[in-house]
Amino acid sequence: MQNTNRPQTNNDKVLVVGGGLGGIRTALDLAEAEKNVVLVDNDYTIGGLMTQLDRTFPTNNCDLCTLAPHLSESGRQEYIELMSMTSVRSITGEKGNFTVSVRTEPRYINEDKCTACGACHEQFPECVRFTPGLDHRAPTCMRYPQAIPQAYSIDLDKCEDIEALVNCCPAGAINPDDMAINREIKCVSVVLSPGADLFDPSKLDYLGYSTLPDVVTSLEYERILSASGPTNGKLLRPSNGTQPKKVAWIQCIGSRGIQKGAGSYCSNACCMFALKEAIVTKERFQEDIETTIFYMDMRTFGKDYELYLERAKDDYGVRFLRSRPHSILQQLGSDALTITYTKDDSTEQHIEDFDMIVLSTGFKTSEQSRQLALNAGIELNDSHFPVTDGFNPVATTKPGIYVAGTFESPKDIPDTMVQASAAACMAGSDLPAGKKTARKENNITTERDVSGEELKVGVFICDCGDNIGGVIDVDTLAKRIQDLDNVAIAISEGHGCSRVSMEHIRKTIEEENLNRVVIGACSPRTHLSKFQELIRKAGLNKYLVEIANIRDQATWVHSNQPENATSKAYDLIKMAIASVTKAQPLVDQSLPINKNILVVGGGISGMTSALRLADQGFQVYLAEKSDTLGGVAKNIFKTLEGDNVQTFIADLTNKVENHEYIQVITRAIIVDHSGMPGMFKTGMQVGPQMFYRQIEHGVTVLATGAIPNPTKEYALESCNAVMTQLETQKVVNQTPDIVKKWDNVVMIQCVGSRIPDNPNCSRICCQTAIKNSLAILEINPDARIFVLYRDMRTYGFQEEYYQKAREKGVIFVRYSKDSPPSVNPAGNQVEVTFTDVILGQKVTVTADNLCLSTGLVADNDSSEELAMIFKLPRTADGYFLEDHVKLRPVDMPVPGFFVAGTAHSPKLIKESISQANAVAARAQTMLARDSINLGAAAARVDSKLCASCLICVRACPFDVPFINADGYSEIDPAKCHGCGMCVSECPAKAIQLMQFEDDKILAQLEEIFDKVNA
Amino acid sequence: MKKFEPVIVAFCCHYCAYTAADMAGSQRLPYPANVKIIRVPCSGKVDALHIIKAFENGADGVYVAGCLEGDCHFKNGNEKAARRIDYVKKYLEEIGIESERLTMVTMSAGMGYRFAQTATEITEKIRKLGPSPIKTAITQ
Amino acid sequence: MITAERKPLEELIDYVKPFKRILLLGCNECVTVCAAGGRKEVGLLASGLQMALLKSGSNIEIKQHTLERQCDPEYVEELVPMIDGSEAILSMACGCGVQQLATRFKDKPVFPALNTQFMGASERQGVWAERCQGCGDCVLGITGGICPIARCAKQLMNGPCGGSTGGKCEVSEDVDCVWQLIWDRLKSLGQEDRYVDIMPAKDWRSGGGSGPRKIIREDLAE
Amino acid sequence: MKTESKLEKILAAGHLAVTSECGPPRGALPDQVREKAAYLKGVVDAINVTDNQTAMVRMSSLAASTIIKQEGLNPVLQVVSRDRNRLAIQADIIGAYALGIDTMLCLSGDHTKFGDHPMAMNVHDIDSMQMIQMVRDMRDKEIFQGGAKLKGAPKMFIGAAANPFADPFELRVLRLEKKINAGVDFIQTQCIFNVEKFERWMEGVRARGLHKKCYILAGVTPCKSLGAARYMSNRVPGMDVPKDIIERMSSVPKEKQADEGVDICIETIKRLKKVEGVAGFHIMAIEWEEKVEEICERAGLLPRPQI
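Protein chains in written order, with the numbering used here: chain A, 1 to 1014; chain B, 1015 to 1154; chain C, 1155 to 1376; chain D, 1377 to 1683.
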């Protein structure tokens, strides 16, 4: 399959510009697929905007825990060259052979030497770029200690005594002679993901942003709410430090062409952003605070977002006012902010006071990124966002240059993640076919068998500069430790994680024939894997090391009481020794991978994923339950932008059917499934005779689609004049003569969506209505078109088409959920009666065509069955549920499964294609490896002790344990997540969690109380 | 008589509380040295037996620190832990140990401040309660 | 399965106080499954007892062991080599196990650590409910597979009393009215006619009414 | 005529029968029984004597019934299956009949949980249905429940209770039918406040012709106060006191509530008189026996027919 023997050229890299969430994802996907990446970012650490968010919707989880692993993952990747403080100056050449000129600003710190001890920042805070408290959570929690690169940066301009600054660094890492470096990078393809700026409202006097301190942007509000923000998470008014009682959000600031300088597009993410902030505010202060959102349309069109909106209304009591306030004022002598507004159903002016007002500012391309686009030679649209392919939004006008994230168009995190992976897929496929960078050979020595050896623990204690050594006397501590049982050697080790010390520790292990190792140092969270690798190099099983966290848990937090810090450090090391003496060598679980792929579903998404993966040389089985490929999109003729869908599908189908690595299996019904990630077996009944056939594969892609909502509302079945948008589209495209006879057309939005039975928004229907309206007017300019809507959700650039439709005379009339339009068939016509909110009276239109926007629903018939067979979770409304709704939108919770297209949630064709491409990238990260390492922290059952009581079976959050044919509980280590819940609930004490065995925990406990009992 | 210094064991889940402890460290937020952390993958892994053993060994206080409600990395380990703590508290009362000596707390990974504050509050609470009756009995 | 719950610590302390060395014995069968007397509970009780005794100034050596089943003599025989080290046995088995021990070790005091409760089924994790009273003459065939003897507070065999409200028993809102359950099930099975016949007064001899019961399988019994 | 019971005679003659009830004292106070009986003399046809009512220990219903009999009234001996096994019950029945008691009511009894001996065993060797069957066989087949022949069969007029308000509602008619098949002669219902629901039940009863197979005495109770109404509504299992009754009681001042309760009771009787199949009334004036006369008077149930 993959030919690794091809001659290597110098040019085997992808350049990724931008180290935000999207850039990281792109770089990781490529690196995990064993492709070389250069990641360039102009900030001094990576993370982008995401690091400034407190909590993200819809689960209101803290981002930190989920983002952190990405960053350290990124830092560990051997395929990623990270260039921080670096900007792109020009890109020349063609796809396959670009030359990128970059400039790296001086950091004045040698990253190799810097241990991020913080000494420079303590002594010269003014000239060190490390700003805890200002950009909330980010610096304190993220940029340090998990920051990548793990180093500070110096602002030399602000330094008055350079020599003193240089001398303050215990690691000698500060280099005042550091200079900017210009460099040329050769690469095959480029992904631009520099993000976007937020709209600056300070020029809009009437909003008072620049004069009234209590008017803040949504990002600023986020920072005020944040636990590690400037107010320590207290919600305080910037003006007077009191807690606000009334907070309002004003939507669409800088979007939808509303203000001067605003983009003509919808910024996509702000509605959810405001909702989240309002909910978090209500969660924290409940009855003590009132929250109001001023909006035009609530655009909660994403997966399950509508439910979030309902929660905000019903559960949290957030108040929603459909209104566009025209000004924010403050009366002299008052500290209240006064908003004057009119409601959409009257002209009456309302005046209301608030304590704080949050401006939901939209996205805007930055000057820098426009320059970047110019340098890269890609075309931009009127709003300065890149012009992209109608069926592939990550492809720019220049082959080989791809875009992702908010640089491409305004979007939220999940869409960014999808595009980032899609861009990785596209950029990766530009690498010479079959090129795979050979993994660096690690000359790993064989593992020593330590069983039967007398315990010989080696203890290495870091001073970590002054971090540890400045508080306690490490040498004396080492001497005391030396006297403990089982300790062969205990020494102080300077900066244990420095290259020199690591080498010294390795040698000592070998020379002293140590069989257990304790490092007295910092957090195992950040450093355990490093030391595990080290002792493995020294010939020991990697699970024979423990870290005693004497820095974070002793010297850093008890620095004012060195005596206590010392005795605690002593205790912590003793605990680690006790624990490591009970440690047994463990083997990481790993599985060989079958590199074939099963794609279920032969619509656009499934075909796209199949094609991308097959192009990379993987064998793909494409199973489709009907007898032809193409799916629901076969009924769609053109996109909103005017691209021809039919030609696209025909071309795609042709490529798929004729691909040497794709086997199309039509009329395939999946009937069984077994195995584990990397080695699945799926059985299906195939063809008219329903022959049984079994496919072996390593990865499964679900692209089973959704179906048009089979609603029967509004006389859809009984009256010829009533049809769906899909049907209307067909008429418009195939029999335009009929359209010419239409005098009145009424469209009703949200038919069968946003109702109790199907609470979510179908996402696609607003733009479909606009598309069909424009197409009808094209054929019949005299037609009167009424669109009856609840919220127009024309997000992103769709907004421009919405405005165009308005300009062309399409009449948009809002109706509320409680008073839907009524329909009365009248021969070949249909009478539609609705309430005109502005006129405040009922209007009846006799329509020649009543066009229902019925949207999509999950294909429950097949997805319920598939979910059962594959053991995959679904949402309440039947769509497949991804692993993490923000950060892993295409990965399913079961490893080895990916989801693309409308099987995930309703979406547009181009969005489905992005997701399909993303799936291809994510799948390649798995398929690049020959085996999967699953770690060793799995629960293990001792069948001799097991009472088969089922308590573990019921306790497991992931349904892993089962009672096997021998009648005992069995836990598949490859499926075990390692939480240990079964262990703590087992009444027979028959289960142990490897790495966290009971005897290790009990041994630590005994050490703590050694003194008590003595 | 020597001043009473409580010995407190904190079982901290790897993903949130243990990370919060690291945060407290990197933010240099001081808290009493009485708290000794044992790292576990999830608060739901903390065994009732280990809590009881801690007291048997002479702990003056024990607390289990997990993720915020809804944030458990293993779905619901923190809820299971909270129920277990309630159960063990009753057992402690039966044994004759004040149940206030055992507490469940939750925090997110970013809450270094909360970690330090919790450690301080619990240490003070236990200090007020005085030595555990078991410790007293052992040392007599 | 037989269900049980641990006795209050206070009662157990009274039992073991006179001794210096005791064996705390778990059972890996029913009482493990209902989380009352398995290895885990043995550990918890040993620690708890030890602490409670320490507080009152006494110190007892508690040896912990768990048998596969205390109600079978062969498993009990396992204890022979270790039993001399202990002056008394505190059994965490059901009453059957306790008595099996007392039969085997005539000179050792044996104490129950559990209150044996009932024959039950597990409803879900951590919840066990009474389902059978061992009446020796099963009526489930008539009552839609739901037992009025074990599950009606008044053992009514001919329908619900006047206290059945909203499907709940008058004794407690947490208890289902078993006759409501029976009726619902008979209806769903289309067997309403099963209710019509009067179930005659029960012969309690099979239910222990005439003394301890015994089963002898002639082909197996030696 | 199956028995010598006065109640049976009155019912058989087609009169609307009236019974009331008397809770025996919690102590050896025979005069208290006589005092209560005195209120009811000439007012009702028979007096139920409760058997450890609400699972509280009281003078045995057999003893109290005997006293009432001595006073020249007709007791209805209540027997619950909760406290005695079949030997004791049969012994009491023979004994009662020997003392001239010819009418009885078979019940399962309130659970001990509600009484003053919650720790006591609930016997329930037989249930109320089986008790009916047992008494019928003693009377008609002249055998004990165990099968042995008995001499001097107790000719008991057999009653039982029915609660039209308990769940499952649809089983309530079937259960009555089952009691009839077991051998019951008359039924006293639970206190009726929700007349509509009672009427629905009676519809079911009539549909199966059950009102022709046994006599149905509708149970009524005067509420002494709003508190009593609320207590019955919330705390007494199987009792259905509709909201409008509570509202009506609460709409009058406290001192008038007793009168209001009596009014409601009388109105209920008047309404029930029109229901086909109602053969009489069972007036349960708990610890308020002195009011029964007024109720009967105003409801048009006096004077009682002489048989």
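FYI, nobody ran anything at the bench for these hints, they're computed from the structure. Quick caveat, the model's predicted, so the values are computed rather than measured. Treat the hints loosely; a few may be bogus.
To be verified - Subject to a maximum C-alpha distance of 20 Å in a straight line, what follows is the list of computed SDA-like cross-link-like pairs (lysine to any residue): (1) A/K817 <-> A/I185; (2) A/K582 <-> A/H384; (3) B/K1104 <-> C/Q1204; (4) B/K1089 <-> A/P893; (5) C/K1217 <-> A/S501; (6) A/K260 <-> A/L204; (7) A/K944 <-> C/E1231; (8) B/K1103 <-> C/Q1204; (9) D/K1619 <-> C/L1207; (10) B/K1089 <-> A/A974; (11) A/K944 <-> A/P893; (12) B/K1104 <-> C/K1174; (13) C/K1341 <-> D/E1546; (14) A/K95 <-> A/I185; (15) D/K1554 <-> C/T1270; (16) D/K1554 <-> C/R1223; (17) A/K479 <-> A/S501; (18) A/K282 <-> A/D345; (19) B/K1089 <-> C/K1209; (20) C/K1260 <-> C/K1209; (21) A/K638 <-> A/E657; (22) C/K1341 <-> D/F1545; (23) B/K1104 <-> C/P1235; (24) B/K1104 <-> C/L1374; (25) A/K113 <-> A/D200; (26) A/K944 <-> C/Q1204; (27) C/K1209 <-> B/G1110; (28) B/K1103 <-> C/K1161; (29) B/K1103 <-> C/D1226; (30) A/K634 <-> A/V645; (31) A/K456 <-> A/D483; (32) A/K282 <-> B/L1082; (33) A/K944 <-> A/A965; (34) A/K975 <-> B/L1082; (35) C/K1174 <-> C/R1223; (36) A/K186 <-> A/K398; (37) C/K1209 <-> B/L1082; (38) B/K1089 <-> C/D1338; (39) B/K1017 <-> B/P1145.
So, going through the hints one by one against the coordinates:
{"no.": "1", "hint": "A/K817 <-> A/I185", "result": "57 Å, violated"}
{"no.": "2", "hint": "A/K582 <-> A/H384", "result": "62 Å, violated"}
{"no.": "3", "hint": "B/K1104 <-> C/Q1204", "result": "17 Å, holds"}
{"no.": "4", "hint": "B/K1089 <-> A/P893", "result": "12 Å, holds"}
{"no.": "5", "hint": "C/K1217 <-> A/S501", "result": "48 Å, violated"}
{"no.": "6", "hint": "A/K260 <-> A/L204", "result": "8 Å, holds"}
{"no.": "7", "hint": "A/K944 <-> C/E1231", "result": "18 Å, holds"}
{"no.": "8", "hint": "B/K1103 <-> C/Q1204", "result": "17 Å, holds"}
{"no.": "9", "hint": "D/K1619 <-> C/L1207", "result": "58 Å, violated"}
{"no.": "10", "hint": "B/K1089 <-> A/A974", "result": "19 Å, holds"}
{"no.": "11", "hint": "A/K944 <-> A/P893", "result": "32 Å, violated"}
{"no.": "12", "hint": "B/K1104 <-> C/K1174", "result": "27 Å, violated"}
{"no.": "13", "hint": "C/K1341 <-> D/E1546", "result": "11 Å, holds"}
{"no.": "14", "hint": "A/K95 <-> A/I185", "result": "14 Å, holds"}
{"no.": "15", "hint": "D/K1554 <-> C/T1270", "result": "38 Å, violated"}
{"no.": "16", "hint": "D/K1554 <-> C/R1223", "result": "47 Å, violated"}
{"no.": "17", "hint": "A/K479 <-> A/S501", "result": "19 Å, holds"}
{"no.": "18", "hint": "A/K282 <-> A/D345", "result": "28 Å, violated"}
{"no.": "19", "hint": "B/K1089 <-> C/K1209", "result": "40 Å, violated"}
{"no.": "20", "hint": "C/K1260 <-> C/K1209", "result": "32 Å, violated"}
{"no.": "21", "hint": "A/K638 <-> A/E657", "result": "23 Å, violated"}
{"no.": "22", "hint": "C/K1341 <-> D/F1545", "result": "14 Å, holds"}
{"no.": "23", "hint": "B/K1104 <-> C/P1235", "result": "36 Å, violated"}
{"no.": "24", "hint": "B/K1104 <-> C/L1374", "result": "47 Å, violated"}
{"no.": "25", "hint": "A/K113 <-> A/D200", "result": "39 Å, violated"}
{"no.": "26", "hint": "A/K944 <-> C/Q1204", "result": "28 Å, violated"}
{"no.": "27", "hint": "C/K1209 <-> B/G1110", "result": "8 Å, holds"}
{"no.": "28", "hint": "B/K1103 <-> C/K1161", "result": "17 Å, holds"}
{"no.": "29", "hint": "B/K1103 <-> C/D1226", "result": "35 Å, violated"}
{"no.": "30", "hint": "A/K634 <-> A/V645", "result": "8 Å, holds"}
{"no.": "31", "hint": "A/K456 <-> A/D483", "result": "13 Å, holds"}
{"no.": "32", "hint": "A/K282 <-> B/L1082", "result": "17 Å, holds"}
{"no.": "33", "hint": "A/K944 <-> A/A965", "result": "15 Å, holds"}
{"no.": "34", "hint": "A/K975 <-> B/L1082", "result": "25 Å, violated"}
{"no.": "35", "hint": "C/K1174 <-> C/R1223", "result": "26 Å, violated"}
{"no.": "36", "hint": "A/K186 <-> A/K398", "result": "17 Å, holds"}
{"no.": "37", "hint": "C/K1209 <-> B/L1082", "result": "36 Å, violated"}
{"no.": "38", "hint": "B/K1089 <-> C/D1338", "result": "36 Å, violated"}
{"no.": "39", "hint": "B/K1017 <-> B/P1145", "result": "11 Å, holds"}
Hints 1, 2, 5, 9, 11, 12, 15, 16, 18, 19, 20, 21, 23, 24, 25, 26, 29, 34, 35, 37 and 38 from the earlier list are contradicted by this structure; the remaining hints agree with it.
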